[in-house]
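Peer 1: The residues making up each chain are set out below.
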Amino acid sequence: MGKKILIIDDNDQDRKIIKRFLSKAGYDEIFIVETGEDGLKKAESEKPELVIIDTILPGIDGFEVCRQIRETQSPSYPKIIIITGSIDAVDAVKARKSGADDYCAKTSDCSSLLEAVKQLFG
Amino acid sequence: MLSVQYFKNLRITAKFILWFLFIALAPLAIAINISYSNSRKILEEEVKKNLIAVTDNKANQIETYLNEKEKNVVMLSSMSDMVDIIDKFSRAFDNGGIDSPEYISVLREYEPLLTYYQKSFGFDDLFLIRNTGDIIFSINEIKDHRSLYEIALYEDFKLSKLFIKTTESLKIEISDFIYYPKIKKAALYITAPVFNGSDFIGVIGFRLSNEGLSKLVQNYTGLGQTGETVIVSKIGDELNFVTPLRFDPVAAFRRKIDIKSQEGSVILKAFKGEKGLDIFHDYRGQEVSAIWRYLPEFRLGVIVKMDTSEIFSSAGRLRKQLFMVSLALLIVVVIIAIFIARSISRPIKELTLVSGVISNGDFSARAKINAKDEIGELAQSFNQMTDSLVEANTIVEQKKSELEEQKKLLEKANHELDSFVYTASHDLRAPLRGITAFASFLEEDYKDKFDEEGRDHLKEISEGARRMTELIDDLLTLSRISRIQNPYEEVDINLLINSAVKRIEFYIKEHKANLNIQQNLPIIKCDRIKMSEVFLNLINNGIKYASKNNKENPKVEIGYIEENEFHKFHIKDNGIGIDPKYHKQVFDIFRRLHTTKEYEGFGAGLSIVKRVIDDHGGEIWVESELGKGAIFYFTIPKNLKVKKKKIGAILVEDGLITQEELNEKLKRQEKG
Chain A
1 MGKKILIIDD
11 NDQDRKIIKR
21 FLSKAGYDEI
31 FIVETGEDGL
41 KKAESEKPEL
51 VIIDTILPGI
61 DGFEVCRQIR
71 ETQSPSYPKI
81 IIITGSIDAV
91 DAVKARKSGA
101 DDYCAKTSDC
111 SSLLEAVKQL
121 FG
Chain B
1 MLSVQYFKNL
11 RITAKFILWF
21 LFIALAPLAI
31 AINISYSNSR
41 KILEEEVKKN
51 LIAVTDNKAN
61 QIETYLNEKE
71 KNVVMLSSMS
81 DMVDIIDKFS
91 RAFDNGGIDS
101 PEYISVLREY
111 EPLLTYYQKS
121 FGFDDLFLIR
131 NTGDIIFSIN
141 EIKDHRSLYE
151 IALYEDFKLS
161 KLFIKTTESL
171 KIEISDFIYY
181 PKIKKAALYI
191 TAPVFNGSDF
201 IGVIGFRLSN
211 EGLSKLVQNY
221 TGLGQTGETV
231 IVSKIGDELN
241 FVTPLRFDPV
251 AAFRRKIDIK
261 SQEGSVILKA
271 FKGEKGLDIF
281 HDYRGQEVSA
291 IWRYLPEFRL
301 GVIVKMDTSE
311 IFSSAGRLRK
321 QLFMVSLALL
331 IVVVIIAIFI
341 ARSISRPIKE
351 LTLVSGVISN
361 GDFSARAKIN
371 AKDEIGELAQ
381 SFNQMTDSLV
391 EANTIVEQKK
401 SELEEQKKLL
411 EKANHELDSF
421 VYTASHDLRA
431 PLRGITAFAS
441 FLEEDYKDKF
451 DEEGRDHLKE
461 ISEGARRMTE
471 LIDDLLTLSR
481 ISRIQNPYEE
491 VDINLLINSA
501 VKRIEFYIKE
511 HKANLNIQQN
521 LPIIKCDRIK
531 MSEVFLNLIN
541 NGIKYASKNN
551 KENPKVEIGY
561 IEENEFHKFH
571 IKDNGIGIDP
581 KYHKQVFDIF
591 RRLHTTKEYE
601 GFGAGLSIVK
611 RVIDDHGGEI
621 WVESELGKGA
631 IFYFTIPKNL
641 KVKKKKIGAI
651 LVEDGLITQE
661 ELNEKLKRQE
671 KG
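For the protein sequence lines, the chains are A and B, in the order given.
Start counting the first sequence at 1; every next residue gets the next number (the working numbering).
Start counting the second sequence at 1; every next residue gets the next number (the working numbering).
Just so you know, the hints here were simulated from the structure itself, not pulled from any lab data.
Heads up, none of these hints are tricks.
Listed below are the simulated EDC-like cross-link pairs for lysine to aspartate or glutamate, each with C-alpha atoms no more than 16 Å apart in a straight line:
no., chain 1, residue 1, chain 2, residue 2
1, A, Lys24, B, Glu444
2, B, Lys544, B, Glu505
3, A, Lys16, B, Asp445
4, B, Lys69, B, Asp176
5, A, Lys24, B, Asp445
6, B, Lys171, B, Asp199
7, B, Lys530, B, Asp474
8, B, Lys530, B, Glu619
9, B, Lys459, B, Asp445
Please build the complete structure, drawing on both the sequences and the hints.
Peer 2: And the structure:
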């Protein structure tokens, strides 16, 4: 489908899982970084169409990364989804406030994430 | 009732005065009355006796006086010379009348002697009358020279009447008093017959004025200031005072007595010969007490009277004295009442004041009452109470500051717990996610490379990971539910269930469950979010068990009844049922954590539900038999008490400390 997707997540297993499901869903141009700082650089250099950010990251956290991407780039590009391993409802509100397009919990089958990606790319 | 209320509302002083007056007045009034009436009676007796004595004395004096006069007359009439004298006067009278030299010579011879008798016996006049009725001698001038017989025919002349009476009776006679305007005197006549041998030759007569009696009467000894002796004559129906009155010196035969007046009727009684005592209004209009006598010989009434006011003046004085004494007594009583009431109310006021000061927060105030009576005891125990209060207050303050400190500590712990939960939720779930995902990848990619046993192991890994995820999620939900206290609010249970059902719509459809919810559920006061959790879990639970019953589609029914002080709900399912021996355990999550497949699938839901119901002060239980479905009942009190969960209990529930450790800590706090 030729969409560039950037994943920012410090959890090795989660990165692998998400990458596998996205690949299976047909998204083959996937960039993966572990820290927010690297993520910001990659977002600048590769201009991906979708950035998937974990909430808890070493250094600057996921919400801050989201806010900075929104500040440096346009309000509608790239699409941003914040994912979380926690079940805290507060995160959803924080995600919206920091400019994310969607927010979903991490699951082992990535069903909600795939659903969200599908929706964003219409 | 109003007056009773009024009495109740009186101050103590006023009450005491009223009571004391009431208690003092009644006996006082009775004592005064008795002593007054007694003394009056005694006085009355005394006065009566005195009056009777005076009356008897006066009546005696009068009788004696008149008898004396009679005796004088009798003595003169029986003098041997008297026959001679009458004879000589009679002859001279016949021989030339009273102007003849013969008469004058007789007059010269005897006049001095007769005048001597007249004067020495105290008579006004002396008459010699011969048996023919001619007055042959009189000391005063004779104006009428007719015979007394002749005069008696035409005139009411007392002397002629009395003369005739004497000639008939041949005894001494005495006339009534009458008034002589000419001499301006009242007087009576006394006549006595004169005999020569046995021949009646004439009469010697005297006129006696009332002056002698007046002197008797005017002696007021024993009659006080108002007492007097009154002598009354009665001629026909005419009553006359014979002597002057004490308060009217010219009353004799001039002051009229009305026979119909009180005085008149008393006098009439006397003339009837009665003896007696009467109280009436006399000629002055004064009330008098009177004793009367009748002197039949002289046809005179004697009345001795005295003003009642004088008689009872000493009784009146006594009454005045008694009144003054009682007045003084009443004043003393009032003063005593005030004194006693003050002695009671003052310490009470002091206590009221002190308790007011204390209730305003000044615990140093103490009642200063040294009395050893009940009030003193009250004050003492009041002070003791205050001491205990101060002590208790100090302890409370101390505990309060301790609690403040603990609260801070616990808030910190709570905060730490929150971040622990967050981290745990994040960190525990991440590796589990990995296990699940990679197991599924293995299954997908290497299915063919595993033998049957390998594939089974893989499946067990997935299954274990799934259950662990579920358990962690449940634990987190449970700890979150316990820690968060939402305010109680009015919640429409109809709307609450509707929104809960919407949240699990997918799940309901998936199991083709049939939900039957009673209409018109109540609006109750509760924690909205937690109560929503309760219905969600119970419905979920019902569907879960019902879906294990393969015979029919799951059916879950929600009902309500009002039961006394409680709202009672029930959720009924047509599931596989629960063995009664597990009815208590189904709500117990820790127990469940240690169980094997038997309990699998109960979920932490029921534990969450029980904790919410407990927090509301309600109860939850289940009625069920194996294979016959289950009904979960729970109650919520109508009057919710805001109950803050003890933080210690939360720590134990969340497994941060054990119950033993908590008890140990609490004990140490109590000692400190």
